[in-house]
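Q: This is what each chain is made of:
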Amino acid sequence: MLGLFLFCCVALEGCAAQANEAGPSPDTDGGGSPAVGQPEPLPSVLPGRVGTPAASQRIRFVPTNIVLPGGAKAAVLPARTANGELVVPERVQQVGWWDGGAEAGDPFGSVVIAGHVDSAKEGIGFFVRLLKVKTGELVVLNGAGHSASYRVTSVTSVPKNALATESNAFDQTGDHRLVLITCTGAYDRARGGYEKNLVVTATPLGLAK
Amino acid sequence: MTGPQFRRLLSALLALGVAGLGGLVATPAQAVGNGVLHVVQGLPGRTVDIAVDGKRVAGGVKATEVVGPLTVAAGSRKITATEGGKVVIERQVTVGANGNLDVVIHRPAAPTAAPVITTYANKLAAVPRDKAAVRVAHTAAVGPADIRVNGKVLFANVANGESLDVVVPAGTYKVDIVPTGATTPVVLGPMDLPVRAGYLTRVFAVGEPASKTMNVAVATLKLPGSGSTKPGLVNTGTGGQAAGLTDSGPGAGLPLALLALAGALALTVRKVVRR
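First to last, the sequence lines map onto chains A and B. According to the numbering used here, the stretch in the first sequence is residues 81 to 289, in order. According to the numbering used here, the stretch in the second sequence is residues 28 to 302, in order.
For the record, the hints were derived by calculation from the structure and aren't laboratory data. Where hints are given, some of them may not hold.
[Unchecked claim] Sample of chain A residues with no beta-carbon within 10 Å of chain B, all distances over it, derived:
id : residue
1  : Ala-162
2  : Ala-194
3  : Thr-215
4  : Glu-217
5  : Leu-218
6  : Gly-223
7  : Gly-225
8  : Thr-264
9  : Asn-277
10 : Thr-281
11 : Gly-286
[As the list claims (entries may be wrong)] Calculated lysine-lysine pairs in the DSS-like style (CA-CA distance at most 30 Å, straight line):
id : chain 1 : residue 1 : chain 2 : residue 2
12 : A       : Lys-153   : B       : Lys-201
13 : B       : Lys-113   : B       : Lys-179
14 : B       : Lys-113   : A       : Lys-289
15 : B       : Lys-150   : A       : Lys-289
[To be verified] Here are a few chain A residues that sit away from chain B, every Cβ distance over 10 Å (derived from the structure):
id : residue
16 : Val-130
17 : Lys-240
18 : Asn-241
Quantities reported herein were computed from a predicted structural model and do not represent experimental measurements. Each residue gets a CB set at the ideal place from its N, CA and C atoms; glycine is no exception.
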């Protein structure tokens, strides 16, 4: 009889709340001050419940692939800031995800992806396509078996030396968004290359999947 | 800040204090095969003594206090909460080697049911230096709830025993809990929840609304830092080939497409040549 009781407890422990709600049991006095005064410790100790993530748990991931409007894809590699400058992949057909920013699927902050419009060594880069992106178009990020879609809400250009100070491209406290950055404007090698950054901002279409 | 809010904040701070003390009590052994426990007292109105494998680790533990970190051998450990020498609840929990586990003594969803113990494994994954990891766990005697952050439902339909993890910018958030799909009655809060950069903040909702014993237990764990600082400059053009494509006058689309194609071709050719 005791064996049966223990078996029942073990079997029901996985859903202890429901088991306890089912009605009076030796653990419950039904009066709101439960389980005080068990005469003896249980001969064998029941396992505790294991907490589980709720179904609404957000998915977040580091993007490893980007799909631009029109379907062109590129690999996304992590990019660090060194000496104040974001170091994007040297290969112009790859782009870089700033590792201090948001991941895809986060509730707050910019996911920042920057890439070459061109380079002296490899010519035209993957992000040359940003020059033609229009508001309303879709950008998809993929990574770790997940994906997140974004709709372009603005395409602007800012002087390169004002990107960090006068745009909110790197802001991590605002609503979640995707910020794609490349270079644009007049090119003058003597004056540090392009005069401006092109900033494409996109807002999430639902949660990451 | 109203009286109850202040008291909640105070008890949260007290809980942190107890966590600090627990660190002194814990065995400092860090050999392979050990794990760390934090025992969360989630039974408002009760004061309990906590034992691990029959050995008392803390006495007179009040609701929302957190005992730990306690270093224990990995494997099955017996957690016992007693009140006045009588067992309130006793359960086995499984501690992984190098694992970090929150052991929460709390009430199930039904207000009259006996206490339960639920464990939550702490993932100590790195976060960028200005961000905070937060876990909110539903361990209160109330049905499924929505947890609103700054007025927005950030955690939807969380049932007793469930939890949600999120990474957010460090700061202070206004948090309240309402029944799933509703805006009233507010079960808990609104309360100010400060979350610290570089830490995992665990928030356990405990208590029961009808008896006005809803409260939170809060504890933090330091996380490794990741990510680099905000860039001051993004220099992504060193060739100049794309210059002149930006004034998208008539016909500008054609050269752009051609150039993109040329770029792809150049790469293909390079690959072929390398072979």
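Q: Indicate, hint by hint, whether the structure satisfies it.
A: The hints, checked one at a time:
| no. | hint | verdict |
| --- | --- | --- |
| 1 | Ala-162 | violated (7 Å) |
| 2 | Ala-194 | violated (5 Å) |
| 3 | Thr-215 | holds (14 Å) |
| 4 | Glu-217 | holds (15 Å) |
| 5 | Leu-218 | holds (19 Å) |
| 6 | Gly-223 | holds (15 Å) |
| 7 | Gly-225 | holds (17 Å) |
| 8 | Thr-264 | violated (5 Å) |
| 9 | Asn-277 | violated (6 Å) |
| 10 | Thr-281 | holds (14 Å) |
| 11 | Gly-286 | holds (13 Å) |
| 12 | A:Lys-153 - B:Lys-201 | violated (40 Å) |
| 13 | B:Lys-113 - B:Lys-179 | violated (43 Å) |
| 14 | B:Lys-113 - A:Lys-289 | violated (48 Å) |
| 15 | B:Lys-150 - A:Lys-289 | holds (21 Å) |
| 16 | Val-130 | violated (6 Å) |
| 17 | Lys-240 | violated (6 Å) |
| 18 | Asn-241 | violated (7 Å) |
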